[in-house]
Structure formats: C-alpha cells, structure tokens
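Each chain, written out:
Number of protein chains: 6
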Amino acid sequence: MQKLVDGIHEFQRNYFSQDQKLFETLTEGQKPLALFITCSDSRINPNYLTQTKPGELFIQRTAGNIVPPYGTVHGGEAATIEYAVSALKVKDIIICGHSHCGAMSGLLDPALIEKMPAVKSYLEHAESTRRIVDENYTHIQEADRRLILTVQENVLVQIKNLKTHPSVAAAVGRGELKLHGWVYKFETGEVFNFHPDEGQFLPIQAEDIVLSDLELDRTLPPI
Amino acid sequence: MQKLVDGIHEFQRNYFSQDQKLFETLTEGQKPLALFITCSDSRINPNYLTQTKPGELFIQRTAGNIVPPYGTVHGGEAATIEYAVSALKVKDIIICGHSHCGAMSGLLDPALIEKMPAVKSYLEHAESTRRIVDENYTHIQEADRRLILTVQENVLVQIKNLKTHPSVAAAVGRGELKLHGWVYKFETGEVFNFHPDEGQFLPIQAEDIVLSDLELDRTLPPI
Amino acid sequence: MQKLVDGIHEFQRNYFSQDQKLFETLTEGQKPLALFITCSDSRINPNYLTQTKPGELFIQRTAGNIVPPYGTVHGGEAATIEYAVSALKVKDIIICGHSHCGAMSGLLDPALIEKMPAVKSYLEHAESTRRIVDENYTHIQEADRRLILTVQENVLVQIKNLKTHPSVAAAVGRGELKLHGWVYKFETGEVFNFHPDEGQFLPIQAEDIVLSDLELDRTLPPI
Amino acid sequence: MQKLVDGIHEFQRNYFSQDQKLFETLTEGQKPLALFITCSDSRINPNYLTQTKPGELFIQRTAGNIVPPYGTVHGGEAATIEYAVSALKVKDIIICGHSHCGAMSGLLDPALIEKMPAVKSYLEHAESTRRIVDENYTHIQEADRRLILTVQENVLVQIKNLKTHPSVAAAVGRGELKLHGWVYKFETGEVFNFHPDEGQFLPIQAEDIVLSDLELDRTLPPI
Amino acid sequence: MQKLVDGIHEFQRNYFSQDQKLFETLTEGQKPLALFITCSDSRINPNYLTQTKPGELFIQRTAGNIVPPYGTVHGGEAATIEYAVSALKVKDIIICGHSHCGAMSGLLDPALIEKMPAVKSYLEHAESTRRIVDENYTHIQEADRRLILTVQENVLVQIKNLKTHPSVAAAVGRGELKLHGWVYKFETGEVFNFHPDEGQFLPIQAEDIVLSDLELDRTLPPI
Amino acid sequence: MQKLVDGIHEFQRNYFSQDQKLFETLTEGQKPLALFITCSDSRINPNYLTQTKPGELFIQRTAGNIVPPYGTVHGGEAATIEYAVSALKVKDIIICGHSHCGAMSGLLDPALIEKMPAVKSYLEHAESTRRIVDENYTHIQEADRRLILTVQENVLVQIKNLKTHPSVAAAVGRGELKLHGWVYKFETGEVFNFHPDEGQFLPIQAEDIVLSDLELDRTLPPI
Ligand SMILES: [Zn+2]
Ligand SMILES: [Zn+2]
Ligand SMILES: [Zn+2]
Ligand SMILES: [Zn+2]
Ligand SMILES: [Zn+2]
Ligand SMILES: [Zn+2]
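Residue numbers (this note's numbering), protein chains in the order written: chain A, 811 to 1033; chain B, 811 to 1033; chain C, 811 to 1033; chain D, 811 to 1033; chain E, 811 to 1033; chain F, 811 to 1033.
Everything labelled a hint here was simulated from the structure, so no lab data went into it.
Just so it is clear, the structure is predicted and the values come from calculations on it, not from any experiment.
A hint or two may mislead.
No copy labels: a pair is met if it fits in one copy or bridges any two.
Said to hold, decoys possible - List time: in silico DSSO-like cross-link candidates among lysine-lysine, alpha-carbon distance up to 30 Å:
#1 Lys863 <-> Lys813
#2 Lys899 <-> Lys925
#3 Lys813 <-> Lys995
#4 Lys831 <-> Lys925
#5 Lys831 <-> Lys930
#6 Lys925 <-> Lys901
#7 Lys930 <-> Lys813
#8 Lys901 <-> Lys813
#9 Lys925 <-> Lys841
#10 Lys831 <-> Lys970
#11 Lys995 <-> Lys841
#12 Lys863 <-> Lys995
#13 Lys901 <-> Lys995
#14 Lys831 <-> Lys995
#15 Lys899 <-> Lys831
#16 Lys841 <-> Lys899
#17 Lys930 <-> Lys901
#18 Lys899 <-> Lys930
#19 Lys831 <-> Lys841
#20 Lys813 <-> Lys970
Work out the full structure, taking the sequences as your base and the hints as a guide.
Spelled out as structure tokens, the structure:
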C-alpha cells in the first residue's frame, strides 16, 4: 500500500501540473470518445495501450469483460453501458478480451473456480462461449490455442449480449453507435479486431466494426 | 475510433519495447498489490494516479464505484472481488470515489436519470447514501459541497456493502486484508482517505485503513 | 366451456380415427421440424397456417412472442428453447409476430396496461423494440403503420435475444440451426419473412433466414 | 423448412378464403372463450382437439405446462395469464397435461436433463409434483403408470400455482372465472378432467371444474 | 434498552429455575407441535396467547404474516417453512393475522408506505389480497370493517401461497400436515378460525382446518 | 392442535382480563422499544426472556436469525426492518442468536440440509459465517465449541448485513438507532452481548452496543 501512496505523491509532484489545465477543463463534464469494456486483469492498462488522455475513454472493467444480457441482473454493467450511450452519447463501444485471461481459464476448467461461487455464477453469462468451444472446436485441443480461442469467441458472445441492451440497439439501429470486438495479446503488444466479412480476428489496422452494414442505419418499411 | 487505432500503433512503436520484459514475465501470472474499485468516469486513470506498472493493480470499474452487497445480484462486482481475494490474494482493497461524479449527481437529482432505468436500478445499491445525505445533512444545501459529500458518504456505504462479501469478511477477520476508502479530486490532483478515528477524509499521507483495529485479526473465544 | 367439451367429443367421433396411426407412432417420441415461437393470441393457429400435422411443430406461445435473453428469468421460454435445441435437435426456429398484436399495442401505449403489472414487467424484454420505434421512427406516426412496424422490429429484437441462449449460439455456430423472423397478417393470410440482405420483410417465398452467412457454420482460427 | 413454406402457400390457396370473413371480423379484437395452457409438445394441437376456430382459444404453451407462482419470475406465464383475465376477461382457464410428456420424464429422471440447465431450473416450479410423487406414491413404481400419474399430479400442482396470480384469485373469488385440470392422452384421443369431489381424473363429460363451490363466488362477513 | 436488560436479569433470578429442567431437556432437540406464522407486531405474543411452553411452538414472524409463494424469493419464509415441515415434521401450520395490522393498512392505503420501498415490495406478495378487497368488496367501505376484512382475506391468500411450498404440498397430500387460518383480535382476546364449509371465520372452538377433506390424504389412480 | 385451542381458551378465561386495559390502549397504535430479531426456534420466547409486555417488542423470526443484505431478496426481513425503523422509529435493534441452533448446525454440516433446498439457499446469507469459521478457527474443532462459536460469529455477520439497510444506515449515522449483538444460551438462561472494545461476548450487564462511537452520530465535513 505504501507503494501506492508514494506513487500518488510522485504523481502530484511530477505529473499533475502537465495535465492541470486539461483536468480543470474536465470539471465542466466528460465527453469520451468511446466506452472501453475490458477485464479487471492487472496486466491491462487501456489508456496506456491506446495512448489516450484523461477524458477520452469511459472504462468498464469486471472479470472476463463479460456483459450480462439486458435484464439479467440489474448490475453495474447495464448501468454503465446505458450511461455511456444515453447520457454521454459515445459513438463506439469496444469489448476487449486479452491473452492469458484467468476468467476464461476458469470457464474451460471449472475445477479452478470450484470454491468461488460468485465467479462461477458470473461465468453463466459466458455459458454460450463455453458451449461453442466445447461443441464446435473439438479439433483444437492444445491448451494455449484453446484458451486464446475461448477469449476470441467470448468477445463475440459478449457483443451478442451487448446488442440486447435497449440503448445500444436503438443507437446502432440509427447508425450512431458502432460495436468493436478486440483481443489484446499483452505479451506481444498486438491488438486484433474482428472482421465480420472475413470471419476472423486480424491485427488492427483501421476502424473496423463487428456489425454488418445491414445492421447499421436501417429503418424498415412497414409491411 | 481512428484516434484509438493510431494510439495503439504509437504504443506498439514507441512504448511496448520498454515494458516488453515485464509483459513477458507477466504471462506466468499476475500478482497485483491491490484491488482498486473506482468509477467508469473517463477522467480517472488509476495507473497514472498511482504511478503503477502493468501487473500491479487489479481494477474494477462501473458507474459510481458501487459494490452491491453479496447475493444481491450475481453480477460482475461479486465475481471480481471474489477472484481478487480468493484467487489472487490481494492484501488491500481501495474504493475510490471522485469529484464531479455523474452517478452521484443522478442520485441527488433523479430527474437527470429518469430515462435511464438501468442506472436508476443500479443506484438502489446507493440508497443508503441517498438517505444518509437526505436525512442527516440538511445543514449542507450548497450544490457543490453536497455533491462531494455524497461522494464521500458513498465511499463509506460501499465499504459497508463490501464487508458483506464472504471472501472479504473472512480475510479481514484474520488480518490478511485491509479496506481503504478514498476520494480523488481530479481537478486538484488531491486524494483523501478516510480516517475512522477522526471520522473524516484527510489528504492521503500514509497507509490508512477504514477498519478499527478490533475488526482486524480477531478470533472470538467461544462463550 | 360446454362448447370445448362438445368439440372434444366431435374430435373423438369424427377426426381421431384418421390420425390414429400417426398418434400411436408418436408415442415413441416426437421429432418436430421446427420450434415455432408465437403470440398467445387466439387468432393464430400455427398448425393450420402451416398445414402441419401432429408431431411436426414444437410450439412456444406467450404474449407478444417475447424471448427474454438467457439468464434473465429462469422461465418457460429458456427451458422450452433449450429442450427444443438440445433434446429434440430442431433445425429451425421461427419467431412469428402478427398484425393487431395486443402486447405490442400495450408497448406503444402504456396506459393500456397500467393496471397489468405482470404484462408491464414482461414487456421490459421488448424495451429495445420500444426505444427503436420511439427514437428511430419519428417519421411514421400513423397508428396502424406504427403498430405493424413495432411488430416487425420486435421480431428482430427477439431474434437478438434468442441468440444469447447458449444452445442456440452453439448450434447456429456450427451451421445446424437456422433462425427465421416472420410476421403473419391474419386478416389477409399473408406471411412475411425478414431478408437480412434487403433489410426488409417480404412475402414468404422460400426458406429464408435472418442470419448472414458469416454467422453460420463458422469456426475461428486462433490468433 | 421448405415444407412449412409450402404449407403456408397451400393454406393461402385452399383454406384462407373459407375463414376470410372471420379473420376480417377478428381485426376488431379477440374475445376468446378460454385460456388454454398446455405443453409445447408437437403432438398437441389444442384447436384441433377442441374443434375451435380462430378467435376462440387464447393459448399459452411452454415445456411441461408449468405455471410459476406469481412473483417468482416476471416471465411470460404471469403476463399471459394476467392479459387473458384482466384484458380479455376469459371465463375459463384450462391447464392441460398430456401423456408421454418429456418435461415430466425429466422431472422423474434428472439424468435426462443434466445438460439442460434452463430446463432443470424451470422444473423447480414442479418441485411439488416431484416431492408428491416421490413421497406419496411409493406403491406405484411401474414406469408408464408413474409417468402418467406425474402428469396428473402436476396438473393439480400447477393449478395451485395458478391460484396465486392476483387476477385469477380475484376473478375466481367473485365467481367470474373457473379453473379446469385436464390430461390429454393423445394416443387414444381421450381427455380426462379432475373432479374434486371424487378426487380423480375421469373421461371428460361436461363442464367440470377443479374448485369446490366454496372457493367460488364467496365474500366474507367481517368478524 | 436498560429495561430489556433488567427484564433478563429478573427472568434469570425469578423464572429460569422453574423451567430449568425443561430447558435442559430441550438441549437434546426441539419437537414443536406446530409452526405458527404471524406478524412482527409487538402486540402479539403467540406463546402467551396459546399458553404454550418453550419447545412447543416454532414461530415465524415478519410484517403482515406474509408467505411468498415458493420460488419467489429464496428468503427466510421458504427456509423456515421447509425446516419446520421436513426437519421438525410439525403436524400443523397456523397463519394468524391480527386486528389493526399496520402492514394491511399499508396495503389499503399506499400513501402510508410510499417512503418504504422494501415494505412496498414485500406487499406485492399480498397483491391478491389487495385485488380481492378492491374488486369484490365494494359493498364494504367503512374503514374499520374494511381493514379487518383485509386481514381475513389475507390469511386465506397466504394459505394459498403456503400450498405452493413443496414440503407442504407433499405432507398435506398424505394427510400428515394440516393448515389453519386464524385471525386474532387482540383488543378482545378473541381468536377466529376459517371454516371452509361455512365460508367464514368463526370464534375458535376446536381443531378446524382450512382444507377440504379432498385435499387431505389423497392419492390418485393413474388414468 | 387441540392443546393450542385449549390454551387460547385458558388465556381468554384467566389471563386476558389482567391485560385488557393495556390491549385496549394498544388499539391506538404500537410504540415498541426495540426490534428483536431471533431464530424461529421453539425454545426461544423473547417476551418471557426479557419480561416484556404486549406492545414492547417488535419481533422478527426466521430460521437462524439471518438478515439478508439489502436488495438481495425483497423479502420479509427487509420489509420488517424498514417498517420498524422508518414507521415505528425503534431506538434499538437486537440480533439474538442462541445455543443449539439447527440452522447453524446445517451451516457446519451441509449433509444435514441436503434435502432442504430452501434452507440451503437461505444459508447463503450466512456464507460469510461459514467461511470465517472454516478459515479462521482451525484451532477449534470440538463440535460443541465450534457450534456456539458459529452462532457468535453469525450474529456479527448478520449485524454487518443489517448495516446495509438504508433505514438502518441513516438512523445509525445520526445517533438515533443502536445495534446489539446477543447470544442466548437457553439451557443456562444466560445472555451474552458483544463488546466491540473487548472483541468478545460477555454476560449481559448493561446497555452495550456493537458499534464504535465513531459510527454513531457522525457527520462528515465536505472535503
Ligand atoms: Zn481476464
Ligand atoms: Zn463517477
Ligand atoms: Zn399478439
Ligand atoms: Zn409435455
Ligand atoms: Zn401486523
Ligand atoms: Zn436457531
């Protein structure tokens, strides 16, 4: 703990003055670019990874970057997403999984979390991930590849869950919000994003989204 | 979005190599110093504030740094806390509120969140905060002071909620885990922590905790 | 009631013998072609509409053909879907809305259901529908067109909810299950189905599905 | 699927015109005789069995014709029942179990549904059925008789659950709603209904109800 | 508080020795005659009213002697009932309402409990009572008579809820458990119990039950 | 049952007249001294133990004197506590555990409650108790001592849960409500209360509370 307190004092002495103006401006309100949903894992620092400044990323972090479908639990995820979309009007939501994720390891090997009933219960929102990997990837059994694959599929599953949130559904429907599925390999610094047209995660190049054009900016003619 | 992608490319070109060794070591597992619970607010960067490196802080972020009591919702908060305490064996948990918090503004003025049912529902876990401020602080009506006070009381309320989590209760009882209540004023760079003996938040100096000694490291004699 | 009893006696006298062999064969088990999810509305008879015999359609009916996302309520919808996919291995799921739906009228005009708390509560699973219509269709205010449009959008919303069910997600992923969105106009006998490529509902012609090819029969390469 | 589309086209060509007038009249609203609650099983067609026309039966179908008690899950069953009683003012509710029910087989043999967590969870609303059969019918062990008996007891259990729904309790109390417990043996075409005075299910003859006279049309004198 | 401590000391000095033998015997286990469910109201003392000694009554007390239907909330009521029936094998359950009940006043006049969200939420399990009184007793508007009537109807509603508990349903079915509905008018010392055959509450004379004979000790012949 | 009816008649003949005046006065409303939360156990009679009269103790009783944290289940405990504090304005809440508690035995030995799913589920609100005893009291294995210790720790755990209730948190904060943790050894007539300063339960002497002074009557200065 003393380390953290010392760190704060160092921040106050050596860094705060650089951003003081920015911080003072931000008292008038935040206007973040995006909602960034990722795992609580200590090895991830979203601001460092994206080189963003205070005020730029609204960040939601719980174990396994899980997004319970709307209505399941009136928990923090639904509130945070709704606030980001309805109050802050973010234009993008990123769900970012990561390599070596402990939550995903627990999903693959329930013995690891047997004595953690709350973790077990939360992972029910990744039950689709578990079934997809269990039933559709029998050809990949090697542990490392199976884990990273689970991380990848889980990002896509959580994006499906995300689409059930009303604020997201409405904003996506009128083309004002885009959803992105990323995987961060912290040990190499690589970030991959999902390309729906190619059906795979590729090294991030430019602004890619996980929605087909047809989902975006669509209104139906009444029949 | 392009800004974030550009930021990642900059991180990969100019920063990753500095921490490459650290990141590679961390593939063997994380061993964070503490669980840091704070708001999703874009103006907060826990690693920057505490000058910590990847691997040092396990971070939970949802709107309003709220911790539903154990059993309320089997949501991300309970799972993340349980994983931090039972699997990672963190020694400290910090709940860190902050100035100008939008969630706390919504708690004081329900009109602000009337069209956000998920936010409204989540703030029920801060109903104690609302009642304490409403009933016990009639002498403070000035808006700014009332908001920061709400942030302060909410940190203490959420610590009470945190104490209902079994992993926390057991680890605190045997003296292996300490709980800390902080408030971060981002516009001045100040951090305050709660001193139970003085009944107030003071500028952080050293390792302070919100528990009386009697709660820590205690076993009862059977009657 | 006497009418129903008389109807049963007529069925037993005049109709049962025609299908007796079929019914006897069916004691060995059902093997339905599809799960048909529709409203409880008395004006819909799925078997009559599709000219199917006993044993061909597994049918789920609740008000508004609503499918709560997985995990929301451990209710009949989740169980019925899971049984259809995991135990009966249906190859298709149809969600079929209909014209003049009372549940959708209630969604558009809450005054109609003010004294029906259970209906109100159930319609929270169509909150995405409500927001989409409210926010994205301000250009269509004429009551009849607005209602049929709500029925159409609700079919698409419930298909999104359906995709969060693990048995569905896994079977869709390996190309063994297809999802279909239909609207039935009982007063004209017309049935429309959703074409994702054209972004609209068209008179049903052939086996159309609401999934893009990319969602079907896809396995990812590990990154 | 093509079979269903072909069936619709056949319906449109050969059947719709017969009922066209009826369907057009029904656009003004439905006025069903009864709410018919039965299993999703593909071998049941309530309209065929009772020889009813469109507009006559409001139909609720989920696996096992289960009715969670009021307040348990704010799911489709509560909403559908409330809508039928409060909005449509049906005069009768029938709960109709059936022979060879897969849900009831799963209740008797949990191994059958071990991998179906949503089914398992839903069957908790038939836990009374399970305990009644397990504890009170040790004298009947032959599998077929035990299954049909389970179906019978489950109809009575679900009627008890139905009585906890406020709209039902109030309408039954003033004699405007009657409850009926049926079992349908599809392989013989027989329908049995429960006679409270005789304590058994008998071949349906006339309008029988499962309530004693004392439950119907009763107001208390204040003490 | 000092009054309570003084009372304990008086109990220890003057009363304990009288019952000491009984208390010592009871360390071997309790074998209560009945489960007595009543309101938390301070004006009720079940042991005094029934002149019972320690060990004779297992007592459940929450506001309004409400029994949520099984599965609604996994709360104290379900656990207490299950323990009484399954572990202690009580032969009788009494639900005892009382005159001047504050919870029932709140049910009739929601303004009284507007600022008590937990009370409001709990009274949803008495929503049947509210609707029955509201819809079926328009002929009784005088406040005192309406309140006692609400208490009476609520006892019957809670008995319906009680019947959904599996342990109760099974034990009632085999004739080992009887259910009783009482109302206690504390200001006159009168106790009334419900007679199903007469459809009213009468001054208690002998062992009366709220079940018709047909509900008790019944096994069905398989059809 | 006849025994209870006879007891009531004896009460009416021989005891009621003594308290008739008190009872009549109490029709104007109750003004209890305290909320007394204890187990449903038949061996406990709170009024006898504290020598209190009708009108003096508001009493909540469920198995194991468990208090689910606020928001967990909208059950009877939350409503009863809220009513006692907000409507009746009690000045003290006592949570009173007792020796030989069956619920606490079930917590220590899950085999005892394996067939009681509702009890098992309710005991999740004592999961902190279970973990504390399991992890921190390995030095006490003797069954009797371990059980009484569990009772003691459970009282403290439930007081932590009680503090999450908003009405309690606000009233404690302004010094209008005090919380007390007691254990009653019925076989000796002893009552112990918890002394936070000494970290143990001691024979009750005077008005002791489980809160440190700092928790009581505290308002924060805004930072
Ligand atoms: Zn992770
Ligand atoms: Zn904030
Ligand atoms: Zn409809
Ligand atoms: Zn069935
Ligand atoms: Zn009362
Ligand atoms: Zn006990």
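Hints and how they fare:
1. In this assembly of identical chains, Lys863 and Lys813 lie within 30 Å of each other by CA distance both inside one copy and across copies; the values are 23 Å within and 11 Å between.
2. Taking the shortest alpha-carbon separations for Lys899 and Lys925, only the inter-copy value of 14 Å comes in at or below 30 Å, while the best intra-copy value is 40 Å.
3. Taking the shortest Cα distances, Lys813 and Lys995 sit within 30 Å of each other both inside one copy (27 Å) and across copies (20 Å).
4. Proximity of Lys831 to Lys925 under the C-alpha cut-off of 30 Å is found in neither arrangement, the shortest distances being 48 Å within a copy and 33 Å between copies.
5. In this homomeric assembly, Lys831 and Lys930 never come within 30 Å of each other (Cα to Cα): the closest approach is 45 Å inside a single copy and 33 Å across copies.
6. Proximity of Lys925 and Lys901 under a CA criterion of 30 Å is satisfied inter-copy only: 19 Å between copies versus 40 Å inside one chain copy.
7. Proximity of Lys930 and Lys813 under a CA criterion of 30 Å is satisfied in neither setting, with 32 Å inside one chain copy and 37 Å between copies.
8. Taking the shortest alpha-carbon separations for Lys901 and Lys813, only the inter-copy value of 13 Å comes in at or below 30 Å, while the best intra-copy value is 37 Å.
9. In this homomeric assembly, Lys925 and Lys841 come within 30 Å of each other (Cα to Cα) only across copies, at 19 Å, whereas the closest approach inside a single copy is 41 Å.
10. In this assembly of identical chains, the alpha carbons of Lys831 and Lys970 never lie at most 30 Å apart, being 40 Å within a copy and 36 Å across copies at closest.
11. For the homomeric pair Lys995 and Lys841, the shortest alpha-carbon distances inside one copy (28 Å) and between copies (18 Å) are both at most 30 Å.
12. With identical chains, the CA atoms of Lys863 and Lys995 are at most 30 Å apart both within one copy (22 Å) and between copies (17 Å).
13. Taking the shortest Cα distances, Lys901 and Lys995 sit within 30 Å of each other both inside one copy (25 Å) and across copies (27 Å).
14. For the identical chains of this complex, Lys831 and Lys995 are inter-copy neighbours only, at 14 Å across copies versus 34 Å inside a copy, given an alpha-carbon limit of 30 Å.
15. Taking the shortest alpha-carbon separations for Lys899 and Lys831, only the intra-copy value of 24 Å comes in at or below 30 Å, while the best inter-copy value is 39 Å.
16. In this homomeric assembly, Lys841 and Lys899 come within 30 Å of each other (Cα to Cα) only inside a single copy, at 8 Å, whereas the closest approach across copies is 36 Å.
17. With identical chains, the CA atoms of Lys930 and Lys901 are at most 30 Å apart between copies only, with a shortest distance of 23 Å across copies and 33 Å within one.
18. For the identical chains of this complex, Lys899 and Lys930 are inter-copy neighbours only, at 18 Å across copies versus 33 Å inside a copy, given an alpha-carbon limit of 30 Å.
19. Taking identical chains as interchangeable, the C-alpha atoms of Lys831 and Lys841 lie at most 30 Å apart only when both belong to the same chain, with a minimum of 16 Å there against 35 Å between chains.
20. Taking the shortest alpha-carbon separations for Lys813 and Lys970, only the inter-copy value of 25 Å comes in at or below 30 Å, while the best intra-copy value is 40 Å.
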